[in-house]
Amino acid sequence: MFKKVKTFWRIVRRLSGDDAYEQYLRHYVRYHQTDAAHEYHPPLSKADFFKQWQDEKWNGVKRCC
Amino acid sequence: MNKLVKNSIWILIAVLGASAVGGIALNRGESINALWFITAALCVYAIAYRFYAAWIAATVLIVDETRATPAERLDNGRDFMPTNKWIVFGHHFAAIAGPGPLVGPTLAAQFGYLPGTLWILFGAVLGGCVQDMVTLFLSTRRNARSLGQMARDELGPFGGTAALIGTFAIMIILIAVLGLVVVNAMKHSPWATFTVSATIPIAMITGLYMRHFRPGQVLEASLLGVILLLLSVAGGGLIDEHETLRNLFDHEGLTLAWWIMAYGLAAAILPVWLLLAPRDYLSTYVKLGTITLLAIAIIMLQPDIKMPAITQFIDGTGPIFGGKLFPFVFITIACGAISGFHALIASGTTPKLLTNERDIRMIGYGGMLLESFVAIMAMIAATVLDPGVFFAINSSAGVVGANAVDAVAKISSWGYPVTVEQMQILAQQMGEATLFARTGGAPSLAVGMASIFGSAFGDGMLALWYHFAIMFEAIFILTTLDAGTRVGRFMLQDMLGNIWPKMAETSWLPSVIFTSSLVVAGWGYFLYIGVIDPNGGVNILWPLFGIANQMLAAIALCVATGILIKSDKFKFAWVTGLPLLWLITITTTAALQKIAGADTRIGFFAAANDLTDKLAAGVLPPEKAIVAPQLIFNLQLDAWLTLFFVSLLWLIVFDMLRVCSRYLAGKPVLPLTESPHSPSRLVEEWVRD
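Respectively, the protein sequence lines represent chains A and B.
The numbering used here puts the first residue of the first sequence at 9, with every later residue one more than the last.
The numbering used here puts the first residue of the second sequence at 215, with every later residue one more than the last.
Next comes chain A alone, as it looks inside the complex (with noise of 0.2 Å):
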């Protein structure tokens, strides 16, 4: 019972957005902090994040009739 609501409550945060920023710095750790050919930038700050992140989900067509 436990673990449905916990999968649950994961659905709901993926679903939403909630966790994006969580999704991004794993992305960050496995693609960008060992790739030694490219410059090291750090990751970016939580609100900066989601600054891009709202501004990019909503260039185009999004929502239908």
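Simulated from the structure, these hints should not be mistaken for laboratory data.
Don't take each hint at face value.
Only pairs whose alpha carbons sit at most 20 Å apart, straight line, appear in this in silico PhoX-like list of lysine-lysine [what the hints assert, rightly or not]: (1) B/K881 <-> B/K783; (2) B/K828 <-> B/K838; (3) B/K299 <-> A/K65; (4) A/K65 <-> A/K54; (5) B/K299 <-> A/K12; (6) A/K14 <-> B/K299.
In this text the structure is predicted, and so the values were computed from the model without any measurement.
Could you slot chain B onto chain A? The hints should help.
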């Protein structure tokens, strides 16, 4: 043994589905329970999904689960990102489900429950779902390119331009008609007007919260917003009872239309995070929550359908909109069965999240099945009302008369008895001054939903349920309105950028204001005419929207059919070719009738000439004579616009046929732009969790 059990279950579903559909279709005279609709829908969907969709995925498209999708290959942790299939399904459904499948079936109920219901079911499984799934597949194989880009790459520059113009035109008409639906729901209703206006500051508070107060805390902010929304529904009731405050929110349709335009302009210019994004969060939660609640209520309550299977209005004399059953039931249902707009989401947006090709069936086909189910529920909500009440709410004053006594006499004379007292009591229960001539579909849907919710969860709060339903419709209509205005602005900036590059800069304020104003002026014009039209406007705008939407669907199916033929799948081209043929037939027939029809309630030119003659003869009442010149001009404009849509459709059909016949004759055509196969490295079921 196991196989035998499986087969018997499917045979059982088939028999059950066939009896439910048969029961709905053959029932005459007695009322029929809504549960039959639900059963018929679920069985038809299950069989179509299990067999037809699976066959298309495996044999026609040949989805390849070992192939890396754009989300995997181009993963950037933001827009391109492999995502769990249920999450993608949620995003996809939230994006495609708008007010269309709620309004269309409500209006189409004037033909009776049967024609609309059959088209919602079979149009979806054979047309709409196929379009969405095939487009999703094609875009996934092409680095998540948009429909317009695919049309350009595969058919040629003409196809691309046609898709772009088609999208822009449909956006303008769509926003106008949706704006009109909201205006009609708020007209002289202080409660509804307060609640709908309150959604704007509530969205802004939510936006500020998640941007500045607690950055990124989307759920916290949304919870706050939803609570405020519910409070605003209750607060509207208090406003309505207050002598002076209620006057502040009691307005004519035209005043409200100007406010909507001002709002649309502000929303297109203001940054997305302040209004558009938070409003979208709220509308998505309210939408998903209300639809789920409605499904539960219908299953709990099992209401009887009171509308007859078929009404006499299939002959084209319907009070809500003119036109015969064929082709207008198809044009009116539009989004609930097949929607060209979905192709814009299925290409470009959803493929960027898709982890594996095998989920294309569930997301593309399944997403549209759910949308069709929403349309079925809207049909139920419209037809559980007494037919007399349904027609009293939805018939404009221009058709049944502005006086309540005349209106009920006329409606009763059609064989749908209704009394003035009945309408008064109903209006009082719903907390409204009147429910006569509240065209547009939203009020009648809200009355239907309120009576279902009221009976299922307690009868005492009908007025609250009614205004909750109005808020539910208005909030995502306004989301479509501001998102659409913004997209229109981007498209226009892009087009004007070809002439003067500076115009394409999306952050250059003069360009932003100029293009936003142009887009708002475009839909504002149609909204204005719709409001001053004594016949309610919806009767003109909704068919125009339906034709434009079905035309866009035809463009998507042209692209799909062209690609199937170029991929040497000629023998399967009927999968998209037949729905395309059907769309061409209904769109062309409807367009020709709207342009050249002799009936003044159908033909635009006929209506314009009739009005011109009457104006010249001086037989129009003074209030009608004042607006007549504008109406005449608008009718002519609508006729030319319809002609433009249908010509565009035929041009792109010929373009597709040209490409296909060249290919089949072995002549050179544009090459397929499918990205090369690269093996997927994602194997886990739950990617990245």
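Structure-based check of all given hints:
1. B/K881 <-> B/K783: At roughly 17 Å apart (the allowed maximum being 20 Å), B/K783 and B/K881 satisfy the hint.
2. B/K828 <-> B/K838: The given pair, whose Cα atoms are some 11 Å apart, holds under the 20 Å limit.
3. B/K299 <-> A/K65: OK: B/K299 and A/K65 at ~19 Å, within 20 Å.
4. A/K65 <-> A/K54: With Cα atoms ~16 Å apart, A/K65 and A/K54 stay inside 20 Å; holds.
5. B/K299 <-> A/K12: Holds: B/K299 and A/K12 sit about 17 Å apart, inside 20 Å.
6. A/K14 <-> B/K299: Satisfied, since the Cα-Cα distance of roughly 18 Å is no more than 20 Å.
In summary, this structure violates none of the numbered hints.
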